[in-house]
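The primary structure of each chain is shown beneath.
Protein chains: 2
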Amino acid sequence: MKLKVYADRISQPCRAILVFCKVNGIDFEEVEIDLSQKQNLSPEYKEINPMQQVPAIEVDERFKLFESHSILRFLACAFPGVADHWYPSEQFKRAQISSVLDWHHSNLRHGSGALVYYSRIAPLFGQPLNLKAAAEAEKVLSNSLAKIESFWLKGDGQFLLGSDEPSIADLSLVCEAMQLELLDEKVRERLLGQHVKVQKWIDNTRNATQPYFDEIHGVLFQVKESLMKMPSDGGSDETKIN
Amino acid sequence: MKLKVYADRISQPCRAILVFCKVNGIDFEEVEIDLSQKQNLSPEYKEINPMQQVPAIEVDERFKLFESHSILRFLACAFPGVADHWYPSEQFKRAQISSVLDWHHSNLRHGSGALVYYSRIAPLFGQPLNLKAAAEAEKVLSNSLAKIESFWLKGDGQFLLGSDEPSIADLSLVCEAMQLELLDEKVRERLLGQHVKVQKWIDNTRNATQPYFDEIHGVLFQVKESLMKMPSDGGSDETKIN
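Here the protein sequences line up with chains A and B, keeping their order. The numbering of the first sequence is the working numbering, which starts it at 1 and goes up by one. The numbering of the second sequence is the working numbering, which starts it at 243 and goes up by one.
By construction, these hints were calculated from the structure, which means they are not laboratory data. You can take every hint at face value.
Quick look at which bits of chain B chain A covers, simulated, 3 or more residues with Cβ under 8 Å:
| hint | stretch |
| --- | --- |
| 1 | 303-310 |
| 2 | 316-325 |
| 3 | 337-345 |
Below, computed lysine to any residue pairings styled on SDA-like, alpha-carbon distance capped at 20 Å:
| hint | chain 1 | residue 1 | chain 2 | residue 2 |
| --- | --- | --- | --- | --- |
| 4 | B | Lys246 | B | Gln295 |
| 5 | A | Lys154 | B | Arg304 |
| 6 | A | Lys93 | B | Leu245 |
We put the CB at the ideal spot given by N, CA and C, even for glycine.
With the hints as extra help, turn the sequences into a complete structure.
Structure below.
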């Protein structure tokens, strides 16, 4: 199958898909959709993904798919050579990984995505910061990290659900957690410092997917560097995410 | 397999699972978790679902699962006799249904759930209304309904993705849309009135799952009736959903 991945590496779900493809030797063409240039809003990209978000994929120039978890599930099932641990065929294990992925939407993803956007990167997309929305998001994020530490990472496994091998859920959630690198160092320490298992799990997932993990996350650290040169306040209540 | 479904029928994801089981002849025991009595916060229920939300299932008194989309996927695959159209085994069709389900979390579900809660039912759970949060939610809901009308229901099919038979995505999204019955009639008309395809799709999904659809939704209409006796204003900005 001929695969195109439409992505911007600043987007955490995009990074999860890119790392997944590289780790599993899936041949693909990466098509950059620069969010800061609003390329996701172009009429051409609307033909690929009518929701005008990244990531999206195109297979054999005919089948299009968006929503990163659906893409990960599809790639794990449709491409030969993907090891079973990424999305186990055994139905009870698969259901539990699915449960993590569904839980993620309204928890870690919601909290982390909104906190980073409203407190740090909104100006990169032409929007003001919004410290009130950021404070709300931080509560969701804090609760989510506590649940990962106490429930999803309970037991002695290196990965979610007590597993000794990573799944697409580890990859999705860790790429989200990596976005916290963009936060002010003190805020990041306040959020992650108390969660020893979460920190170890991020390292484990990174180590299990090297060298691709660091390669794909390079852009994140570049953005972090440029953010450190910008003022971190200047909040306003006028920004909205749609 | 011996199945227990932990549910409160006022919760739209719970209704989707209950209708699915009944339509597909899956034998189960329904265990009521009364959200208005905070039974979801009991230590006993925390053993079933550590996230303390409904729905959840237990299989053979050993396997527990939460997140309604994961439960629907699991039931469709694990129980014999479920027709393929609910969650097709063909991987391209399955991926598209998965995409609808993932999209749902941050769109129709997010908008509808928050609008109904903040503008109508919060007092049933001991919380004040919050008209500002309701207005935010209405924007998300309005955009979501427009996307369903123009994209997910494009073509002549009776169901999402142009299909002539319902999938678990139809059931999940329609049970969510049914929650709008709890809104003030004028608000509901403002939101749904312009979306002819959405209205028809709700009817189609209801008709395809009778008599169970009406049976399971009975409690919704009882709550609607009691809400009509309550004042619909009295908003406050102090409510938060966690």
